[in-house]
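Here the structure of chain A is known, so what remains is to put chain B in place on it, guided by the hints.
From first to last, the protein sequence lines are chains A and B.
In this text, residue positions in the first sequence follow this note's numbering: the first is 2, and each later residue adds one.
In this text, residue positions in the second sequence follow this note's numbering: the first is 2, and each later residue adds one.
Where hints are given, some of them may not hold.
When chains are identical, the list treats them as one kind, so a pair holds in a single copy or across two.
Said to hold, decoys possible - Below 27 angstroms or equal to it, Euclidean Cα-Cα: the simulated DSSO-like pairs (lysine-lysine) are:
(1) K65 to K186
(2) K72 to K577
(3) K557 to K478
(4) K674 to K351
(5) K397 to K582
In short, the hints are calculated from the structure, not lab data.
The structure displayed is predicted, hence computed values, not measured ones.
2 protein chains.
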Amino acid sequence: MNKYLKTDEWKIIEEGFNPSNHRASESIFSIGNGNMGQRANFEEKYSGSTLQGSYIAGVYYPDKTRVGWWKNGYPEYYAKVLNAANWIGLHISFDGEELDLAKCTTKGFIRELNMQHGTLKRSFTAVLPSGKEIKADIIRLVSMVDKEVGVIKYKVTPLNFSGKMKVTPFIDGDVKNEDSNYNEKFWDEVNKTVSGTSGFVTLETRKTAFHVCTGMDYKIFSNGKALELKPETSTKTKYIESTVEFQVKQMDEIAIEKYAVNLSSENHPKESLLHNAGNVLKKAVEKGFDRILQEHINVWAKKWEDSDIVIEGDPAAQQGIRFNIFQLHQTYTGEDPRLNIGPKGFTGEKYGGSTYWDTEAYCLSFFMNTAGHQVARNLLIYRYNHLAKAIENGEKLGYTNGAALYPMVTMNGEECHNEWEITFEEIHRNGAIAFAIYNYIRHTNDKDYLTEFGLEVLVAIARFWKQRVNFSTEKNKYVMLGVTGPNEYENNVNNNWYTNFIACWCMEYATEAIDYVKNSNSAKYRELVKKMKFDELYETRDWKNIIDNMYYPEDKNLGIFLQQDGYMDKEQILVKDLDPKIRPINQHWSWDRILRSCFIKQADVLQGLYFFEHLFDDKTIKRNFEFYEARTVHESSLSPCVHSILASKTGNVEKAYELYLRTSRLDLDDYNKEVAEGLHITSMAGTWMSLVEGFGGMRIINGDLHINPLIPDNWKSFSFHIRFRGRLIYVTSSQSEVKISLIRGEKLNLFIHNKPCSVELSKDTIIKIQKL
Amino acid sequence: MNKYLKTDEWKIIEEGFNPSNHRASESIFSIGNGNMGQRANFEEKYSGSTLQGSYIAGVYYPDKTRVGWWKNGYPEYYAKVLNAANWIGLHISFDGEELDLAKCTTKGFIRELNMQHGTLKRSFTAVLPSGKEIKADIIRLVSMVDKEVGVIKYKVTPLNFSGKMKVTPFIDGDVKNEDSNYNEKFWDEVNKTVSGTSGFVTLETRKTAFHVCTGMDYKIFSNGKALELKPETSTKTKYIESTVEFQVKQMDEIAIEKYAVNLSSENHPKESLLHNAGNVLKKAVEKGFDRILQEHINVWAKKWEDSDIVIEGDPAAQQGIRFNIFQLHQTYTGEDPRLNIGPKGFTGEKYGGSTYWDTEAYCLSFFMNTAGHQVARNLLIYRYNHLAKAIENGEKLGYTNGAALYPMVTMNGEECHNEWEITFEEIHRNGAIAFAIYNYIRHTNDKDYLTEFGLEVLVAIARFWKQRVNFSTEKNKYVMLGVTGPNEYENNVNNNWYTNFIACWCMEYATEAIDYVKNSNSAKYRELVKKMKFDELYETRDWKNIIDNMYYPEDKNLGIFLQQDGYMDKEQILVKDLDPKIRPINQHWSWDRILRSCFIKQADVLQGLYFFEHLFDDKTIKRNFEFYEARTVHESSLSPCVHSILASKTGNVEKAYELYLRTSRLDLDDYNKEVAEGLHITSMAGTWMSLVEGFGGMRIINGDLHINPLIPDNWKSFSFHIRFRGRLIYVTSSQSEVKISLIRGEKLNLFIHNKPCSVELSKDTIIKIQKL
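Just chain A, same shape as in the assembly (with noise of 0.2 angstroms):
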């Protein structure tokens, strides 16, 4: 844990400069628009510790793979985010002294992102080696209405002197990954131009060949009138500058707007990037800082009336939940389907910034609530996308018949990952894939993404299902070995409960996806049998075969399922009686004690009882998540978030909040110790899910919406929006009451506590609450 920001409930702020926490602030106060994102790194020059981070969506570099022992079946590469062309660079001095922090006292440092309005501001004083004092107030967004627009204000103010000031605004395209594998840098030039305040550097990926134009423009201004500007300008590899140099007076305000422009060749032909990336960048400059800022606000103004949580009574959860949401809409939002959402996102390098599973078992449901049902679609089609890229990434692990295997690791559809137990073990993400769809349409009964793009997906996952299990002659029933759960403390394991239930559910599913199609719309299904080479009589048959024959591991006296085979001969230990001395383990034990023991990274079958909670009784859940929770050590970032909503599902208030802020400040108190490396994007969708599945308890049934809050002692209310088939709905639950209203859409008949009732247009519903 390392808590140094202030609570608030709209804000995050840090109060004086400690340059030890400066990399976990460049994550935290990341801002973006789901094209592009940036660390909060410093405008100006900064020679102390930083991780430079300027994320441009969907650029990436295919970095060789760095393995120990190859094996059969690895991908040649891993695809990186890519740290693209600094800019916000800004070098500023006096007198021939440079601004830079790490050189310099500060005073009254504050940094702040504004969660409310989408902006990151600083303001300090700050004294130079030579004693001058500057006094500064930044502000910088990329804007929520022009995608490809960035743009600071940049004032300053020389407090105790006059003399000659220097600004050097400048793009810098010679920049590098931190994470590259053999210390290459990723871009090559391919022009660059640079003549008065305005300039440009085009660069080119290697390897992948993506195009980025990245362009500046600059206005000054002295106590509020524009300077007349008469700039140097130069240039190196990759990179351009303008330079303008002017007298200042003591107490001048220097006001410098510097507006950039980031253009990919995946948005536009490359030939016409550099004009393109022209014209988007005079825009930007006639449109002004302050109407670009307005603009952006309202956006995320618009946003906030859609999907805000709002939690009385306790600001450290209010700030929490609303610095998950914050991110999530910097990080996606969902115009593109060729985008997706890197369990990082515009924050840092780590994890490559490619989809994960992540994607489809915590994202889409923040998604489908608080953007809409097309944002959701657009995941879905994302994967479907990919469709054929997973049924040869099946034929190279040796499946036939239009098996796929979806990658454990992704940008463009290709597997990216290597280590053995997780690349070719780690299958359980197949499933999620297939539920994200059931979820999808569960949801919004878009029952047509089924004929369009769902049952091509969902064949193609049961039969790499069917190809997956085998039959064990010695235990009579189908088994299916060397798996990789969601808990990845255990590896190579045989029968993962939760991977086998979710096989079986993936082939049931497909077959009712199939008779749904087929009785829809018969022409297209038989335009889909030919595509697919489907043999419907013998495929759903052999699917049928496993279903009923497919082996579950359990412990009947315990009445629990079992995560594995073998995991009653694990040394039986609780959680509570582990040395804190030793948490968490995975920076105390070897990786094989890990595995030994019969401690949970995060609870699979708790993650079964979760997505399929209406196929088990109540009993069976608490029963096992009471034997599950004990024994996990909650050490990967989207474990507490299952949890919780089971803890709240069982009753279990106490647990349920406990878990519930471990999920969502997770970041903001570096709860591992590793926020420097950019922030915890997907499991934030998690924290979404515990609020408002958890203590929110919503929940489709049989297609009806239900409530049934749970609320914590110490908050006095909590609130949150959802949409539903077309609505947006307000639920405000108290310790009194749960009230709902309706903000957009349709009267709605729902379930809350239970108990049908209906919400219309400004008549809402007010069910009391009796407490016990």
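Just chain B now, kept in the frame of chain A:
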């Protein structure tokens, strides 16, 4: 398979120069003397594809580990055998045109490894691009007498011209390893000097700071008469050369004798290295090529006298076994307990040249029987000297109380391997190290080894096993979870039969060793108890409790031991039913498919039955052999030999012969298409075992030597040497009789085909065989 070598009983012969076989030949024709070794690289320039390899025993570089994802407990580095300075180099040109076989046509090219004499010869007629023809005869050796000396006699005759000949002997230390993880060079220059015909380069390894001084001198003769040389010298980084130029007439025979030395700081103080190298070189030059050659041949004659194996009626089998014996003697001579036997010896870079369990499980028998007890003892002492590091390694992984986990791969006692499923889990290696002590004492009767060294190792190993098992309340037995057995086509399994068995055996043997030392030398025992902080009562009681309550997986219906829990859940297919097109499976199947299949790389139940044959009845051995052999693909070089021995044991001579050929000619016929990387040195010891213990049926039972030969139908006879408790014995087995001769030592009572008999000097024992 790639068969391009001629069959000859004493020689390996390559006729005609085929560059595509050159790297393979560089491996096969390697020469070495235990202290240094050299691939069969050409002396003169060769611009074609080559793997340069000159290796100095004990000198290594800790190359920074390359991993995808770091796991707690991984070592920081992988120790690599180093390609050291090129001492054979000798550039030759005529009228400015350089001799380079990649640019010449050759006639009558013959490369010949004379195993009887330990020499590498080459002769050819080369036509240079200009049309000049020269004839060359080259002989090279690294001396078995002067272990730091290598010599070359390079004879050249211009066949169709007279002109100017230039000869440039050199030493080039600016070399690298092909397997360098980060493409770095591993050597720095310490000093260099060259004057007249002689010069020296001293290099230091990075990080490990070994010094190696390589020196050279040379003489040139024209038609047998020494030339007066006026060399010019020059140097570059880590490089010296000496050049002479002179007139040659058509049909002159020019003979260049190059003398080289390699002295390492392992054997000399660094400060005297250059000085000592000068002395060693001077003595070699004084001794002269012919005497060095003769002395070398004499040592080889003695080695063959004591260790030759003769097979009558099967020249390919004869060549195979001699090649194996020859390469083993070249790799390790056993004088220096700091040295060991790398899987590739001095013939390539792969596997880092470090020590594996191969030494104890395969090599010990060979050296014990052919090179004498002290050599075998030195192999054991090597591990004793690493005991503190093995305990440290155990501590790193969480073990306490002086528990030792020996490394999977090591150079100096530290673990070098970094795949978790091997590093942390392939712990059976600990068992092989204990078994080697037992095997050594069984063979030599040197029980004092226990008192002096063995007990400490055995107790530390037993302590490891005690902590590595856990009690399963489910099974009411001790279990061992998360293990990889010798069959590396299974990873992270539970209750690997072999490992469970050897673990208990180790605890039992440690207990016996305690009793022996306590009873035979109680003072020393008390001293050891104190040193080891050994609590005899409690610790041995714990061991006994585990031994008595260990769980062993088995299939009672089939009457076999199960490789591990769940093995029978796999789809049971036999190797004979595999499509030959997909073999070897490790080149055709993805890793996960291999893991999930029932196919076995090398059968570890059989490894256990081989080690502990005396504890099982013949029927059990036969049932297990037949079950596992049918599922074993032998994709480890260490596999066929053990199966061959068990095939002999169970009377299946055809199978034994098939597997024997596979192991004995593995490299000569390049079964696995990988000989270019180096030879399979350690598995060569397995070949020896499959002959002596397999066909020869040699066993030590209750201190008695047993010989139970079985002879393949196509062999007239086979004969082998063994050493047994101070005696050298020669066994000849034909289709009709077994003859035992005592070559050295006292009268011996022994058993032939279970019948007691005896043998004395000059009094052979002959037993007639009744063929059915």
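Hints, one by one, checked against the model:
For a Cα distance limit of 27 angstroms, the shortest separation of K65 from K186 qualifies both inside one copy, at 12 angstroms, and across copies, at 21 angstroms. In the homo-oligomer, the alpha carbons of K72 and K577 lie at most 27 angstroms apart only across protomers (25 angstroms), although the nearest pairing inside one protomer, at 39 angstroms, exceeds that limit. In this assembly of identical chains, the alpha carbons of K557 and K478 lie at most 27 angstroms apart whether taken from the same copy (18 angstroms) or from different copies (20 angstroms). For the homomeric pair K674 and K351, the shortest alpha-carbon distance inside one copy (14 angstroms) is at most 27 angstroms, but the shortest distance between copies (39 angstroms) is not.
Proximity of K397 to K582 under the C-alpha cut-off of 27 angstroms is restricted to the inter-copy arrangement: shortest distance 17 angstroms between copies versus 45 angstroms within a copy.
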